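Student: Sequence:
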Amino acid sequence: MNRILFEPSENRGGEVRLAGPRAHHVWAVLQAQPGDAIRAGEVGGDRYDGARVVVSTPSECILRLGEASPPLLRAAWDLLLALPRPKCLRRLWPQIAALGPERVYLTAAEKVEKDYWGSTFLRPEVYRSLLVDGLAQSGDTILPEVEVHRRLKPLVEDVLPRRYAEGRRLVAHPPRAGARNAAPDKPPAYGAGIVAVGPEGGWSDYELRMFEAAGFRRVSLGPRVLRTDTAVVALLSLLTLPPPR
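Count along the sequence shown from 1, add 4, and you get the number used in the working numbering.
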């Protein structure tokens with residue numbers, strides 16, 4: 005953990021009492037003693053880079069928060085993701101949170117297996133803890149908003165064009181003649197953008213035509229066919245890189 009996170013309900017007038025794995029982490033990994041400063045943060049709220057340890061034992065930690073600083077800025081690109089295999093989705097939740105998109109859309113595709121929709125990792129009470137793990141790793145405090153859309157067509161044609169400006173909509177797919185790489189020649193850096201990542205078998209021809217008719221520009225990560233979790237991390241990382249000086 006690069007930041008010890010706590011829920012708003014645990015903040016009692018600027019003092020936070022931790023137990024379980026977080027308390028053990030402060031004691032055993034950080035080896036923090038009373039008076040030491042550590043980085044903490046309220047899920048959905050402020051960061052505290054100088055939180056002071058009042059008590060530290062293997063089973064209990066008490067922090068005095070001190071001065072607050074605002075959350076990290078959201079990443080400029082959101083994610084539309086064709087629902088992956090449950091094991092892949094479990095791996096992805098912390099990584100997505102660490103990369104900082106404001107919104108994540110999970111949706112269907114022709115090559116998405118119907119039984120994936122029964123995954124426990126689609127339940128908010130399950131994936132929220134995985135998102136919080138990603139925030140703690142990255143030092144962030146703000147959870148992405150997650151939307152589940154069982155139908156791709158109305159999402160692409162009706163919902164997303166109202167939220168993302170022309171030139172800020174990308175669909176990732178293995179390259180064809182005329183396709184652009186994701187990193188160079190990025191769209192202007194204003195407003196939110198969205199990148200759509202398909203199943204490991206790729207989007208169908210019909211789905212690609214639908215995306216392009218809705219103003220999505222096709223991009224590629226090169227000739228290699230990547231696993232979904234690799235493609236998501238690579239794309240969001242490349243798209244959020246600051247422009248070269």
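Read the hints as simulated data drawn from the structure, not as lab findings.
Because the structure is a prediction, the values reported are computed rather than measured.
Among the clues, some could well be false.
Using 30 angstroms as the maximum straight-line C-alpha spacing, the simulated DSSO-like pairs for lysine-lysine come out as follows [stated by the list, open to error]: (1) Lys91 x Lys157; (2) Lys118 x Lys157; (3) Lys118 x Lys91; (4) Lys157 x Lys115; (5) Lys91 x Lys115.
Student: Could you run down the list of hints and mark each one as holding or not?
Tutor: Hints versus structure:
1. Lys91 x Lys157: 26 angstroms, holds
2. Lys118 x Lys157: 17 angstroms, holds
3. Lys118 x Lys91: Measuring from Cα to Cα gives roughly 15 angstroms; hence the hint holds.
4. Lys157 x Lys115: 14 angstroms, holds
5. Lys91 x Lys115: Roughly 17 angstroms separates the two Cα atoms, so the pair holds.
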